[in-house]
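Chains A and B supply the protein sequences, listed in that same order. Using full-length UniProt numbering, read the first sequence as starting at 1 and increasing by one per residue. Using full-length UniProt numbering, read the second sequence as starting at 1 and increasing by one per residue.
FYI, nobody ran anything at the bench for these hints, they're computed from the structure. Honestly, I wouldn't trust all of these hints.
Claimed, not checked - Keeping only pairs whose Cα atoms sit at most 16 Å apart, straight-line, the calculated EDC-like set for lysine to aspartate or glutamate is:
1. B/K109 <-> B/D254
2. B/K471 <-> A/E185
3. B/K487 <-> A/E161
4. B/K471 <-> A/E186
5. B/K487 <-> A/D163
6. B/K388 <-> B/D254
7. B/K471 <-> A/E173
Claimed, not checked - Far from chain A, some chain B residues (derived; all Cβ distances over 10 Å):
8. N28
9. R55
10. S123
11. S125
12. D422
13. E473
14. L481
Idealized CB from N, CA, C, for every residue including glycine.
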Amino acid sequence: MSNHTLAELASVRMGATLRGRDATRPDPAGSFRLIQISDLDDRGGFLTQDFTRVSPREAISSSVVLRPDDILFPNRGARTTASLFEGSDSPCFVGAQFFIIRPSSRKVMPAYVAWLLRTRDATDYFDLHRRGSNVLTLQKGAMEAFQVPLPSWEIQHAIVETDRLHHHACDLESRLAVLRHLHLEETLINRAHRP
Amino acid sequence: MSKINQSEINDVAWRACDTFRGVVDAENYRNYILVMLFWKYITDVWRDHRDAYLREYDGDEVRVARRMARERFQLPDGCDFYSIHALRTGTDIGERMNVALAGIEEANKAKLEGVFREVDFNSESKLGQTRDRNARLKLLLEDFASPKLDLRPSIVGEEDVIGNVYEYLLERFASDAGKKAGEFYTPGQVSKLLALLLAPKKGDTICDPTCGSGSLLIKVGRQADERDFALYGQEMNGTTHALCRMNMFLHGMDNFRIEWGDTLRNPRLFDGDHQLMKFDIVVANPPFSLDKWGHDEAEADPFHRFHRGRPPKSKGDWAFITHMIETAREGSGRVGVVVPHGVLFRGAAEGRIREALIKENLLEAVIGLPANLFFGTGIPAAILLFNKGKTHGDVLFIDASREFKDAKNQNVLTDEHLTKIDATYRAFQTVEKYAYRATSQELADNAFNLNIPRYVDTFEEEAEIDLDAVKREITTLEAELAEVRAKMQGYLEELGV
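Next comes chain A alone, as it looks inside the complex (with noise of 0.2 Å):
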């Protein structure tokens, strides 16, 4: 196994510049969408598709429309998390306060890279790198400094199947715990009830 730089192995390169507060102004007739930090779940996972359509005032580089695979990384704050951008059928972009991370090597699976940068050891990674007295964030060449071990593919598609399945594994317990409580209540108060 290799270990590389994030910048050996994919683009890094910020969101679209968005100036004045009217630039992320919805408009239903807007021709493009935004994606923003609020639309992203801690655990990388988005939390709705409906992403706010707006007409941008400036033109939008065609480099910083997302593309399927695309890693979005929020770049201020002290939250990390990354989220693997499956496409839309409408062209999406993100404000500066995102990386793109973009693979560009076919021996690195994007939602591979997308679990790495969520991992603890990716958090400890940042947490020392972040700067600012007020906002914290994070400057692009620590970000392509970020180290990955690049094991083989198969093995990138193993961890990323069992990420994906604990996740899904867990948010079944939750169902089932809320459904076991109702269930053994609702049977205790019909005997309760009872003569």
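Given the coordinates of chain A, work out where chain B should sit on it, guided by the hints.
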């Protein structure tokens, strides 16, 4: 030349504000932008008509001048927008703009006196030191000279485009202004709802005693048949009063009467006998629970408006409502007012006034609105409708608070919601979990408390739990979980961990 569309013109006008953003408070530049729009509009109309007459009279300047003397607004030489635009690089551009506007005001004294009083293009405190100010004014003049902002009637077509762009700017300023916004703007859907509910007829006189920038008044007027209606209003804030008058002109409603002053302390809409004028429709979104509204002066009110009781010192809601009822035409006048919920149930003096009005059989409907509809306040509000020509003793309660579109910063009533509220009001019948027609006896049984949940039962019974279905779901999920765990185990073995 192709006609421009509404959103394009809105956009250009809004972008003109960029010159001021970050330099001047929005509250200040709002007035500059709206005055610029008005100035550009009257200039373009003048230019358009003059060009048409020059063609019609083969360039005969004397005949053209005679026709132009009958224009809606007079534009003295050198006071038009383009003359000043040509001087935009001058070092005294602010002063020249002031002089031009003063010239327009002077030439149209009857219509425009005081309309530009709040804007001083030469103000160092508002627009910065001379060099910066001149640069900003140059940009501003250039923005408004954009071909996209060509407001000539032959280009923009219907007059509404201009009114709409003004309205658009007002709403955008309001949504950015936070708490202060409520003072000058009622959200469009609330105005529209009041217009639908009050359904003015052809020839009606319509008054808003706290008219702000006039949007509500214009919407209600528009609901009347054609253009046969008369608008009246009063506004306390001098700046907002000026905005309101420009708004009226830009909507093509020249025959209005908007007074400047405090409606409660100093009402200014009188008939020939110096009595308060009576209107067919009185509508308002007065300030919620206004403190220091004039409680002390109310005792000796020369118009005896507060004969049902004096509202409390710190809450002027019932003072405004009382004023509105007193200025509605006897026997037929109708009143629509937006109020905070406290108005429906607060006791003491307010309770006594409410009881008196109900006993006089003036209250017709109480409509609960969703929370977070208004600029600057998230609290839910209600609409009270009074009718001096009521033919029955019942009151309709509508709970419209749960039906709205959830927008990002503010809730929104769609046309569908408005139609439902209006149709329910017209039918005046009980609708399960939405509306209730209460008798006067029921109101008395509730001690004249108008709290909507007392009348409209919206309680949703909890669905009974189907234990078998829950058990089945548990079994299915357990099987799925086992399968997921097995797959995970497979991958873990593959990973050798």
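Hinted pair B/K109 and B/D254, Cα distance within 16 Å: 14 Å, holds
Pair hint B/K471 and A/E186, alpha-carbon separation not exceeding 16 Å: 11 Å, holds
B/K388 paired with B/D254 [C-alpha distance capped at 16 Å]: 29 Å, violated
Interface exclusion of B/S125 relative to chain A, criterion Cβ beyond 10 Å: 24 Å, holds
16 Å limit on alpha-carbon distance, applied to hinted pair B/K471 and A/E173: 15 Å, holds
Hint consistency between B/K487 and A/E161 [alpha-carbon to alpha-carbon, up to 16 Å]: Distance ~9 Å between B/K487 and A/E161 Cα, so the pair holds.
Non-interface claim for B/R55, where every Cβ of chain A lies beyond 10 Å: 38 Å, holds
Claimed clearance of chain A by B/N28, with the beta carbon kept past 10 Å: Consistent with the label, B/N28 stays out of reach of chain A, its closest Cβ about 18 Å off (over 10 Å).
Pair hint B/K471 and A/E185, alpha-carbon separation not exceeding 16 Å: The given pair, whose Cα atoms are some 13 Å apart, holds under the 16 Å limit.
16 Å limit on alpha-carbon distance, applied to hinted pair B/K487 and A/D163: OK: B/K487 and A/D163 at ~11 Å, within 16 Å.
Exclusion check [B/S123 not at the chain A interface, CB over 10 Å]: 24 Å, holds
Consistency of the no-contact label for B/D422, given chain A and a CB cut of 10 Å: With a cut-off of 10 Å, B/D422 remains clear of chain A, as the shortest Cβ separation is near 24 Å.
Of the numbered hints stated above, those contradicted by the structure are hints 6, 13 and 14, listed in ascending order.
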